[in-house]
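**Q** Each chain, written out:
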Amino acid sequence: MRKITPLPLDTPSHEMVTDLIVRYAHALDDGQIDLWPGFFTASALYHITTRENHDQGLPIGIIRCSSRGMMADRVKAFHTANIFEPHCYNHMIGPVVIGPAKSADAVSSRCNFQIVRIMEDGRMDLFASGKYLDEIVLEGGVAKFKERIVILDSRNIDILIVVPL
Amino acid sequence: MLATTQATETHPEPFKWPSEGVTRAPYRLFTDPDIYAQEQQRIFRGRAWNYLGLEVEIPNPGDYRTTTAGETPVIVTRDRDGKVHAMVNRCAHKGALVCLKKKDNVPSLTCVYHSWNYELDGRLKGVAFRNGLRGQGGMPDDFDVGKHRLQPLKVEIFCGMIFGSFAEDMEDVETYLGPDMAPFIKRNLGRPLRILGTHSQTIHNNWKLYAENLRDSYHATLLHTFYTTFKVNRLDMDGGIILSDKKWHHISFARRANLTEAAEYKDSNVHSASFDSALEGPGLLQAWEEFDDGITHSIQTIFPNMCVQFTLNSLAIRFFAPRGVNKTELFWIYLGYERDSEEQSQMRVMQSNLTGAAGLVSLEDGCINEFVQRGTRADPQCASFMEMGGRQVESEKSSRATETSVRGFWHGYREIMGF
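Sequence order for the protein chains is A and B. Counting from 22, one number per residue, gives the positions in the first sequence under our numbering. Counting from -7, one number per residue, gives the positions in the second sequence under our numbering.
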């Protein structure tokens, strides 16, 4: 009897994974927040939490979007509802490590980040540090986040978060 | 922090409240380091109950957590008999912090500096090298461990919350809350709790600006426009304000209007506040009716520095700790009940997006108080003007377009501060 080996599902290459992670950061750093939901699949999970919550398995963090629609609502709120002092980010991303796959169609990766926040008056602060835990898939030949868990090292946020990390 | 750094001026002239009373709050209250120091003594170490945490955070014998009462570092422990204690986190020897972690489980408390060792209730057990080494040194013969201990606070647990006071003869928490406040705390917290997540926010303003902000029902729909932007069908049409007998605690509540529910929501006992909204991700506002009193949104403050929020099904404690005259750490402790189903927990989780450091509805509160701090710091002699809803300090059962609870805060503040 002929042995049938299942075809491996199409997954993004390592280069595509790194490219997605970098383009995502550059879009936010360049103030192109409208592009943000487009880096995700329609039913993606985007979750910002703290190390303390993550380590204890607690479900509530700081932001939780369980669909691209919820991300689009955040973008709309940013433009029209929310009030805050204008600022921008600069992401420093560390090397990306591909980990053991959690599902057949996705690549699991981890990288560290630091985000400098620049206020309108010129003040610059180290705003956030932590790690991205990502699940990345191919959608129509393009790499997208199926899941992006942002784990902040500190429990404390300075002032507020309105621009995604 | 360039933008919020400010010269700490000294005011040689004694502080005097304006003749208009609590419709005015002099800006000096937010910047004067002497007033800030007096608050530590008269409020946080005076005749008030400080929120110290939740019983569920220290469930086992030997558990401790650290917190602050005003600026005073405090340890809360559970002893081997299950009793909860609170004490100042300061060694009786040289004054070093005894506990450094946020939470831990230990057989006893030991200061790292010289290994002075304390029981879980704060009594001194033993001192290293008490009898010296090889007959040399040691404590004097009349040294008595019974005469030294970690300074205790009076402790009481109310609805799972641990409160501590430096006033030995403090009335019980239920009396402190008063008959209009205590039942609503029992409604919201009077059953086994579960912590769903926590984080904190640094806000660059005096703690009292956040205390005002929580009581300010006037700003709600003016500053926070998320609901109107997304045309969310407001279920909370009517509401009001209840002040405690001493005016310094309050409840602001909104009741859902008498809308006819869609049958599918009714059948599943779930209603969606986002019905007809412009949200692309409507799962955000999936909610169910938890109580039969019709109240869907409430904020309840407990003087001096905490509140309980219950917006839709999002239950949280906010605790705002002074970290200097112009800096405050705001803690968000998101809660559910032990009895919650998986579906109910999920709704609480999704609704947590509305509040907190990145809250869609209320993230503005992270910066608005700083805007006041920065706007007022150059003019300590000027005062805010608060006459919305009149000049009286009374409950207002049918409107929230009022500053009555902000005036109530200042009423209580003046009394405890002797201003």
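Hints listed in this document are in silico derivations from the structure and should not be mistaken for laboratory results. A few of these clues could be false.
Claimed, not checked - Beyond 10 Å from chain B on every Cβ pair, some chain A residues (computed):
hint: 1; residue: Asp31
hint: 2; residue: Pro80
hint: 3; residue: Ser87
hint: 4; residue: Arg95
hint: 5; residue: Ala98
hint: 6; residue: Phe105
Claimed, not checked - Under the rule of at most 30 Å between Cα atoms (straight-line distance), these lysine-lysine pairs were calculated in the DSBU-like manner:
hint: 7; chain 1: B; residue 1: Lys95; chain 2: A; residue 2: Lys152
hint: 8; chain 1: B; residue 1: Lys139; chain 2: B; residue 2: Lys94
hint: 9; chain 1: B; residue 1: Lys146; chain 2: B; residue 2: Lys319
hint: 10; chain 1: B; residue 1: Lys319; chain 2: A; residue 2: Lys152
hint: 11; chain 1: B; residue 1: Lys223; chain 2: B; residue 2: Lys238
hint: 12; chain 1: B; residue 1: Lys146; chain 2: B; residue 2: Lys95
hint: 13; chain 1: B; residue 1: Lys95; chain 2: B; residue 2: Lys117
hint: 14; chain 1: B; residue 1: Lys75; chain 2: B; residue 2: Lys139
hint: 15; chain 1: A; residue 1: Lys97; chain 2: A; residue 2: Lys152
hint: 16; chain 1: B; residue 1: Lys93; chain 2: B; residue 2: Lys117
hint: 17; chain 1: A; residue 1: Lys152; chain 2: B; residue 2: Lys117
hint: 18; chain 1: B; residue 1: Lys94; chain 2: A; residue 2: Lys152
hint: 19; chain 1: B; residue 1: Lys139; chain 2: B; residue 2: Lys93
hint: 20; chain 1: B; residue 1: Lys139; chain 2: B; residue 2: Lys86
hint: 21; chain 1: A; residue 1: Lys97; chain 2: B; residue 2: Lys223
If you're wondering where the values come from, they're calculated on a predicted model, not measured in any experiment. We put the beta carbon where it would ideally sit given N, CA and C, even for glycine.
**Q** Which hint numbers does the structure go against, in order from smallest to largest?
**A** Numbers 2, 3, 4, 5, 6, 11, 17, in rising order.
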